[in-house]
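Participant: Just so you know, the protein sequences line up as chains U and A, in that order.
Using my numbering, the letters of the first sequence correspond one by one to residues 68 to 423.
Using my numbering, the letters of the second sequence correspond one by one to residues 68 to 423.
All the pointers check out, no bait thrown in.
One copy or two, it doesn't matter: identical chains are merged, so the pair holds either way.
Mimicking EDC-like on lysine to aspartate or glutamate, the simulated pairs with C-alpha atoms at most 16 Å apart in a straight line are:
(1) K85 - E415
(2) K200 - E352
(3) K414 - D81
(4) K105 - D135
Bear in mind the hints are in silico, worked out from the structure with no lab data behind them.
There are 2 protein chains.
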Amino acid sequence: MTAKLNIVPFVSVDHMMKLVLATGVERFLTDLAGYIEKDFRRWNVFDKTPRLASHSRDGVIELMATSDGDFYGFKYVNGHPKNMRRGLQTVTAFGMLADVGSGYPLLLTEMTILTALRTAATSALAARYLAPKGARTMAIIGNGAQSEFQAIAFKALLGIDRLRLYDIDIAASRKCAHNLAGRGFDIVICASSADAVEGAQIITTATADKQYATILTDNMVGTGVHINAVGGDCPGKTELHRDILLRSAIFVEFAPQTRIEGEIQQLAPDHPVVELSQVIDGQAEGRTSAEQVTLFDSVGFAVEDFSALRYVHDRLPGTGFSIDLDLLADPDEPRDLFGMLLRAGAKEMAQEPADP
Amino acid sequence: MTAKLNIVPFVSVDHMMKLVLATGVERFLTDLAGYIEKDFRRWNVFDKTPRLASHSRDGVIELMATSDGDFYGFKYVNGHPKNMRRGLQTVTAFGMLADVGSGYPLLLTEMTILTALRTAATSALAARYLAPKGARTMAIIGNGAQSEFQAIAFKALLGIDRLRLYDIDIAASRKCAHNLAGRGFDIVICASSADAVEGAQIITTATADKQYATILTDNMVGTGVHINAVGGDCPGKTELHRDILLRSAIFVEFAPQTRIEGEIQQLAPDHPVVELSQVIDGQAEGRTSAEQVTLFDSVGFAVEDFSALRYVHDRLPGTGFSIDLDLLADPDEPRDLFGMLLRAGAKEMAQEPADP
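Please model the complete structure; the sequences and the hints are all you need to start from.
Facilitator: Here you go:
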């Protein structure tokens, strides 16, 4: 318990960028994947409630919360596909970590950047258990805001150093290639999805349109491939043809949520899937053969945000990358909230110059 | 749309106090009750989801969200009854207003003080429809953080100017009386609940312990009284004897929530209750006779927080009582989140002094 009970550290976008840069993007992603892995290993301690979603014509606003009994974390996140056309982010987010014992917030932070990082870290973590051994080449279909983070996470955690990029807008692929220059990747910009997946052991799909789309068709997916499907993450939004799902071993974060939001919304509600946490803690097998097609149907789950909040909370002290926010009322006597208000008024008046 | 898309105004506790004091507590409560009344009158437009609650041994952390289709509001609030013994607030809160069209936050604000204000404003608003005509005397049982706000709201909206205070800890009653001195109240500190309700036309109960308590027994409640029950607001926490409920006309905010959290958790799930919004928009009657016992079983609902957020958002411009928070990532090109990070790094390096 600190002396200043009313103060909550706040990490702005600018401070988050500085924290990531000071840490190094690769190390940040590796450390973060470590936190996520630890939390997935103790999956059962988490309070796993569905996200609280408010849908509207143009998008959705969601609150994602979870707790391990000691800490509580939640994230505010929106998804508005049309925002991009107005020069706005499709997804913006912020979040909070709180102490379960007192209910007091411990950290408030931007999470737009942090979500991009935790999504990529989770993808790479899953691939470490699911991708074919020795994979070096990844196709990335959809080269928007998530693409570079995916590439760097897969490099840091799996050693992926060859990228095959495709986007319906070639400017996005060029932006991705440009941003990744000098990071040790061999990068090819491809003319089609079919072209991009040629020779790739891992296929990442990260497109943004809110619609049933078929980014990958069955004939494009060869044996032994690992598919990292990131973009199908809400009802009505999928990226893969159903036939691919039917011949894949499917891994998910939290089955009840993924059945509503993920690629598997196209399948029967009892279609067998394995939760990643079970693979991580050894209760279930990951990839069982070199020929198997594995699919990580990623939709993003509150536990990953929780891990990210914990990581930032642990990393922050001493860095100077936060400001103090006077977020909580802290009267000298807890029952005397009104008295605190009165005293603030008295103080105010005492500070004002008297009339001459 | 402002030029600085990444900036969200933040109202700290200190700024909220200044805003309330600059407005005047009575006027703030009256204005706020006006916003709540308007929103209750258009009750059907609101997306009314149950709160997302995370219960633990010592308390609860909740997210309360709602939307009218144009704006979205949510509040983070904890309830930890034992906090008081450690010098902490039982309840702390903060909240956010966002634009439904873009999902972008518009306002982040402390809500510990604001919740106290909206709770009192809602109570007084309900009483304006339910209390006996010409009521001047109110008993307040439980003289903690909520008590002064209740007193001032009832004065501002109903003209209540005689208070009969009771708390199991007389220091709380003295604190309340002291804080209200000079505001035109005739105040009596009473030795018991039974003493406090003598001659009162309105009885407000606002105690804090998380347990089934019986603050009021049946014989203490005379005909014609209006009961404003504020403290029974979560499962397992009630204040009134069941017999009182059975002879009262019961008014609630949102029946599905109140049946779980309010006094009426003691009653059959189909016991008739009337929603306050129906009374306000004329679909249902409020008080129907001078002899009737009316009960407002208040638990606090997300729409009230939404009204409070809207009010603060409207009041704020030009006051200077907020700071700019760099909460949202705002890359020049929405798909180029990683490029924004890279450019922040380049800028950083350019600003660092070169090695000599």
